[in-house]
Structure formats: C-alpha cells, structure tokens
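Take the sequences, apply the hints, and build the full model.
Number of protein chains: 2
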Amino acid sequence: MKQTAAIIGGGVIGGGWAARFLLMGWDVRIFDPDPEAERKIGEVLDNARRSMRGLFDVPVPAEGNLSFHDTMSDAVAGAVWIQESVPERLELKRKVYQTLQEHCDPDAIIGSSTSGFKPSELQGCASRPGQIVVTHPFNPVYLLPLIELVGTDANAPELIERAKLLLGEVGFYPLHVKKEIDAHIADRFLEAVWREALWLIRDGIATTEEIDDAIRFGFGLRWAQMGLFETYRVAGGEAGMEHFIAQFGPALAWPWTKLMDVPELTDELVAKIADQSDAQSGAYSIRELERIRDDNLVTILRGLKARDWGAGRILNAWDEAHRPDIPDLAVARPLTTAHMTIPLDWTDYNGHMNEARYLQMFGDATDLVMAWIGCDADYIAAGNSYFTAETHIRHIDEVRAGTEVHCRTTCLAGAGKKLHLFHEMYDGERLLATGEHMLIHVNLETRRAAEPLPEVATRLDVLSGAHADLPRPEGAGRAVGVR
Amino acid sequence: MKQTAAIIGGGVIGGGWAARFLLMGWDVRIFDPDPEAERKIGEVLDNARRSMRGLFDVPVPAEGNLSFHDTMSDAVAGAVWIQESVPERLELKRKVYQTLQEHCDPDAIIGSSTSGFKPSELQGCASRPGQIVVTHPFNPVYLLPLIELVGTDANAPELIERAKLLLGEVGFYPLHVKKEIDAHIADRFLEAVWREALWLIRDGIATTEEIDDAIRFGFGLRWAQMGLFETYRVAGGEAGMEHFIAQFGPALAWPWTKLMDVPELTDELVAKIADQSDAQSGAYSIRELERIRDDNLVTILRGLKARDWGAGRILNAWDEAHRPDIPDLAVARPLTTAHMTIPLDWTDYNGHMNEARYLQMFGDATDLVMAWIGCDADYIAAGNSYFTAETHIRHIDEVRAGTEVHCRTTCLAGAGKKLHLFHEMYDGERLLATGEHMLIHVNLETRRAAEPLPEVATRLDVLSGAHADLPRPEGAGRAVGVR
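Residue numbers (the numbering used here), protein chains in the order written: chain A, 217 to 699; chain B, 217 to 699.
Please note: incorrect hints may appear among the correct ones.
Treat identical chains as interchangeable: a pair holds within one or across any two.
EDC-like mimics (lysine to aspartate or glutamate), calculated; alpha carbons at most 16 Å apart, straight line [what the hints assert, rightly or not]:
| no. | residue 1 | residue 2 |
| --- | --- | --- |
| 1 | Lys-395 | Asp-419 |
| 2 | Lys-334 | Asp-262 |
| 3 | Lys-488 | Asp-419 |
| 4 | Lys-488 | Glu-425 |
| 5 | Lys-488 | Asp-677 |
| 6 | Lys-488 | Glu-661 |
| 7 | Lys-394 | Asp-419 |
| 8 | Lys-394 | Glu-425 |
| 9 | Lys-218 | Asp-580 |
These aren't lab readings, by the way, just hints derived from the structure by calculation.
What follows is the structure, encoded as structure tokens:
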C-alpha cells in the first residue's frame, strides 16, 4: 500500500529524506518556507535518481508523487511519517512540533534529523511527547544506510518497532541508541576528530588535504567495512581483545591527541569491552576475520581503482609506471595483451573466477589492442571509439584468485569499420578460456558506425597484415553448442 | 635491479612490511628473536599472497628471497631499507639503532614503524641520526597504501626523497608529515575516537557492535574515499567551507564529545581551513564533487554487497525481502528473470554499460533459473552446481546507468547434464542484448560433469517441456560475424 511522508524543512538533509521516500514509492509532501526550496530539493533528487535505485538487484517501486505545500498543516495530511529537518535551534524545533501536532495524525511518527539534541529535549513542551523521536541520518541520505534512532521512556515500544520497520522498508539501517546523549553516537566521533583536526591545522602540523589523505589511504578504508573495535580485534590477533587493550591502554595518558579528558581504564571496563567484542565478532576466528577484512579491502580498493579516485588512484599510478612497453605490431604475433593476477573479488560461489570477469579481462585485452592501434584516451575523448557488437566465450579450464594469467591476442580481421579479435587466456601454458569479439568503429556523437581516422586505420593495417598468415585459432567461428 | 630490505621485528606489522617488499620482488632478511617468528610471519605472508598481487592490472615482479637471521648484523647485510618494528619502548628502539648502525650500510634508510614517538626522539642517541626516519604503516601493511613519513632537520632532503621513491616503488603512498608531533596524524584521530568510544562503553550508551555499526554504515563509507574536510566541503554546498564552519563552529563549546580541550575558532583559523580546502578540492565544483562522492559510494556499497558484509549486507537483506515470487515453471514462458536498474558503476569510458556487466547481468539471470529449478545455495553447498561452458552475446542497443532493465529467458534445452539458456535484455520493449549460454551440471568435488540430482532433474524437465514449443529466439545458434 502506498504511504505518505511529510518533509518539514528541505535543504540537503530534508531533500535527501524526500528522495529516499519518493524513490521507494512513497508520496512525499514538502513544507519549506525557503523560496528556493523546490530548486534545491530538485538538485538533491537529480543526484538521488542517478544513484540510488542502482543499489538494488530487484525491482524497486515506481516513484511516488512529490508535492510542495505552503503550510505545515497542509503538508502533514495523510502522512504516517513526518521528518523534521529545520535548523538546529531547540526553540524553533519545539514550535514546529506544536504546529505539527495540532494537525497531524496522532499515530504518525515525527522523526527529527537533529545532530545534537536529545529526544527528551525535543519532547519537552510537546502536547504528545510520545510521538517524537530522533532519527538522525547521514549525508547523502539517499545512499548511506545509517539512521540513529533515539527515543525516551515517553515513546511506546510499539512506536519504536514501527519506526524501525518503516525505516527498514525504505532501505535504512535503524541503529537503536538505547540511552540518549548529546550528539548521539556517530557525531560524537566526528566532533572529536574535528576538534583534533582543528588543532593540527592551527598548529601547522598538516593541511586539510594531508589530513584527508591520512584518513582515506589508511584507517578510513578499514572503518568503511569493520569500524573501530572489530578492526582492533583483528589487529590484536589470537591474543585477544584484552591483550590489545593492555598494549595500547597506556597511550591514554600520553599526548597522542590534544583531547585529554579520558576515562580510567579499569579491569571492569576492559572486561566489558572484551565481552562485547566476543558477542559481536566471536562467531569468526581471527584468521577468518583477517580474510574477510582483506576480501573487503581488495574489493573497495579495486572499486576505487575503477573510479580512479582516492586510494584507487595510487594503484592506477603504480600500474602506469609498470606497464609493459607497447609491442611492435608488425612483429609480435600473437600479441601478449592483458597480464595480471586474478583478484580476490573476482571469484564466486563456485570457488572460481566468475564468468563476467572473463569478459572483463578480455575487455581489458581489447582496450590494450585499441590503445596500441591509436584508439587511446585522447582519440576517444575526441569522439571516436570502438563498440563491441558480439562476443563468444568458451570456458576451457577453471582458474582461482591469486593465479597469474595473461592473454594472447590474434587479430582475425581488421579493415574499415570492423575489428575482429580472438583472445586466448592462459595460466602459463594452460589454456583457460577463449574470447572472440567483433568490434565496430563508431562516432561517439552519432553513436553510429564510422570509418576510423587515418592514424588508426594505418596501424590497424599493420596489425591485421602481420596476423594475416597466422593459423586460425582453434575455436574461432564457433556457435554455442556446436562443435 | 633487485634490492634488499631488512626487517627488524616481525609480528603483524613487521610481517606486513616483509610481505610488501617480498611480493614486490625485493629480497627480505628478517631478524626477530621470537622463536615463533617464522610461523607468525608465514601466516601474514599467506594472507598477503592471496590478496596483494590482485590489486594490480599489470605484471608484478616475481617474489624475492626470504631469509631469517640470528643477528641484526647479519640481517642488515646488503639492505638499502631497514624497517624497525620492535615494541614501543624508546630505550629499546634506541639500542636497536645503535646495533644497526654499527653494521648497516651508512646510506641505507632506517624506517621506524612507531605509532607514537617523534623522529627526534628516535634519533636522540644515534651515531648517525640523519639515517633514521619514521615510516608509520597501517595494518594490513600489504594492502593499505598509507605510510606517514616523518623526519627532522637531521635528515637530508635527498634521503627523504629517496625514501618516498622506494616506498612508492613497492606501492605505498608516502605522506610526508612536515612537522613532527606525538602519534603523527592518523593515530591522533584514532586515539581521539578511542577515548570517546571508551566513554560511551563505560557509560553504557553503546556496545562495541553498535559503535562499529555507527561508523561503518555511515561516515566510515564517506571517509574511505574523501576523508573529513572534502566530505564537509561537499556537505556545506555552494555556500562554501567558511559557511559550513560557521554553522558547526558553535558545537565546539557544546558537550558533543567528552573531549573538551578545543582550540579557539578564530577568523584566521577559519580562513586557513577554507584556503587549504580550496587548494585541495577547488578544481571541482560542489556539484561535481557530489557526483564523484555518489559514484564512489555506489561502488563501495555494491562491492560490499557482493561480499555480503557491512553495509552491503543491509542491501542484500532489502533485496531478499523484495524479490519477486518464484514463477510457475510450467506456465511462465519466457521467464522474466533479472530485473533491476543499471548501477552507476557499471558504465565505462564510452558512456554506456560496460560489456562485462552484460555478462554479469546474464549470469544473475542464469543464477535465478538455477535457483528456480532447485540448484540453490543449499544444493551448491552440498557439492553440486552448474558451470558455464560457453557464451555468445550480441549487443543490439546501448543502455546507460539509471535505466530499469529486465531479462526474458527461454530454455532452449535442458536434459541430462546440459542446460541451454537464451536471455534477452530489454529496456521496456527495446531489445538491448541477447545472451546464449551452455551450462554443464557438475560435481564440485571432482569438478567434472555429472547428472543433476533427481529434484533438479524433475524441475528441469518441467521447465524445458514448457519452453519446448516456444519459437526459437532470433539470434540463437549464431557464431561471431555470421548472419
């Protein structure tokens, strides 16, 4: 059944909430007195539309209806969820709740996006305090799953459960914070790091860029998948969490940060942490956690590599500095093209390289041939390229992560708009797979077939001429199921 | 030319250094008095061997020679890099340097893995202080690129440059910290967060697991790719960094963390941050940075989804709860199989979906058919599965990220060990591509063809029978380049 959310206060955060509900099929009613609200929320929605649905591998509900309203009373009509994202001023928020509660369904949930206020503060002057909870999101709200859900004794357990259910339905992960505190959990860490970062900049130790690099090339990659304690549990090794804390405990008295208000590390506190860590991660051995961590890190690093960003850009720079020389197209036959080690994240439930990764590697081999005949990044940026029209893959033998493989490539034909390649993938002399590919040269403006520019046509002639008298590779020209 | 590194002190960190050098082709000589050192370092090496080389897409040098030595004097023979990773006791480290400097090449670089000590402290009693620098790595050392490189005026600029070069050669990113400070940069943040986390656990606000979830489902994902300041620059929007700081500045006086020793937010400090942020990120507009951030987040989230871990597990749970019902195999023809929105990270330099992602989606469609005939996760865990033997893909029309697509699947034949499927990928009624696949049922123990178990054979009969009189899809049975 279609449901309705009211968004009180647009901006980056309110707009993110609107996008999350709308793209999950809810109707969304917005109140924001800012005359620019519609434009601003439209910009957030543009970003959400291009990114959010592609997170899922199943059909997502059709987009709901979006409407803008001049009054809060109008905006909350029919809403089962009301999300308040007005500026961080307690008196303003309390006034908003008074107006909302005069008009909204008494069973609706009023969530506040507040970064800092405790729910008891928000509920203070409300006519129905039990209706109000903290639901603190993280920007971009349409992609990041975390919601800190904080209530008080005034909230019925049923309401908390219903809030969790509705938040989960639109793809969030509601983290129920059991005991209220200023700034909840995550923003307390952000604030601590922010304070330390201000010291480092003020004292001329580091720049903003150096600080960001110190985060994103190191512990930021760990935190994206395991957080703080599970990371330390793994680092501590088989000796366990208590040993780890004992080792790093003394640093609490050292000036390792300017923030010196530290708790006493009593035996009781150490045992509490160790017990909680066992409950959290004890299902896995340290060795298993190490491998899960490494699988995740390789996945994230290779993902960033494909985007040429952050730590991935470092890997690309290393590759560039160590790329083999371009072969002499008139002499080398067949060409040795892609040459690499099968990454951890390329394997699947059958324990071997997933079929799509064969095509990824053949595609990389094709890209190298394209670059060698002059269809490189500049040529493509100028509006010319090759598109693959057709592909035939035969799987001859299995291969697992960690194996060094290479492709030998024969140009079966290359003239005019057509480029017909045959890749053979080997582990040493063990043939793993073959890939036959028909590519068509295109104009990227018209997206249609077009003759290659002379510099490419010339080199393609050299390549196809050099390969013309090579024996036709076994398996070329085959159809599926035909011998 | 092959180079040699000496590793003084094994363990998780020393072992990580050993792995990094060794797998990049260096000879590695280890000194560690721990009788268990060889076993412990062997375990780190096992982890490194399965994960590290697959980060690169070019050939990596052949592994160097590893040797263990009983004395430091023996270990440093021929070493151009000496990495010290002994326990964090200043007197111990100073004694180690005295011994090292009696025997090592005076031109070798001695790097210390110290988390906390300043290089001036390490150099204190050394006979050649200029030879010693801090090179602080992050666990796992064989995957994470960050090295904090810290020197003093005693270090010649030439030595710092040489250190950068050698670290870069083995794949690290050396972050040169220009002014020494306790715990360098990253560990100061880790220490601040650790102190705040101890408070939260001591006061019963959150458990270790809740803290980790608050990190890895929210800001941890942001930090993995942009860090702190670039993230805030984007969040601040077009109003700019100064506006952002003005908005959040007052929180410095609030109890948003227990760590209250904060610097004064002067106009000068605000301007310094804004200027540094411009220098760091000013090449991109806020809108561009938003999209880069979202591209990265989608990539990381979908990567974790493939690993079924962290934030990716939340996405998988949503998919499972929203998966369409299993169709009646006797009635539905063709089957509607894969159905999803093309993710942002599936496109390539030609601006459309990359060819390997077609096969990924066809592979997902095949997985659904397998599951529907009973070859599901349990069946596979019990040692039976299908392997793809052969694939033929035709690209009919282009498709871009954000488009909702689905596959219609015909079973061309299914009997005995063979399963012959034909997928057609559509955007609405627009045909994008076809995929023809021959799969062979296998025993996962022998890795050889085997008859399916009766429950699968029976359902396969139903499916192939229902599709037997469907018209043969256009394009089935084709070979590359043949009409």
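Results of checking the hints against the structure:
When the C-alpha separation of Lys-395 and Asp-419 is checked against a cutoff of 16 Å, the pair qualifies only between copies, where the shortest distance is 9 Å, while the shortest distance within a copy is 36 Å. In this assembly of identical chains, Lys-334 and Asp-262 lie within 16 Å of each other by CA distance neither inside one copy nor across copies; the values are 32 Å within and 48 Å between. In the homo-oligomer, the alpha carbons of Lys-488 and Asp-419 lie at most 16 Å apart only across protomers (11 Å), although the nearest pairing inside one protomer, at 37 Å, exceeds that limit. When the C-alpha separation of Lys-488 and Glu-425 is checked against a cutoff of 16 Å, the pair qualifies only between copies, where the shortest distance is 12 Å, while the shortest distance within a copy is 37 Å.
When the C-alpha separation of Lys-488 and Asp-677 is checked against a cutoff of 16 Å, the pair qualifies neither within a copy, at 72 Å, nor between copies, at 57 Å. Proximity of Lys-488 and Glu-661 under a CA criterion of 16 Å is satisfied in neither setting, with 63 Å inside one chain copy and 44 Å between copies. Within a single copy, Lys-394 and Asp-419 get their C-alpha atoms only as close as 38 Å, which misses the 16 Å cut-off; across copies the closest is 12 Å, which meets it. Taking identical chains as interchangeable, the C-alpha atoms of Lys-394 and Glu-425 lie at most 16 Å apart only when they sit on different chains, with a minimum of 13 Å there against 36 Å within one chain.
Proximity of Lys-218 and Asp-580 under a CA criterion of 16 Å is satisfied in neither setting, with 45 Å inside one chain copy and 29 Å between copies.
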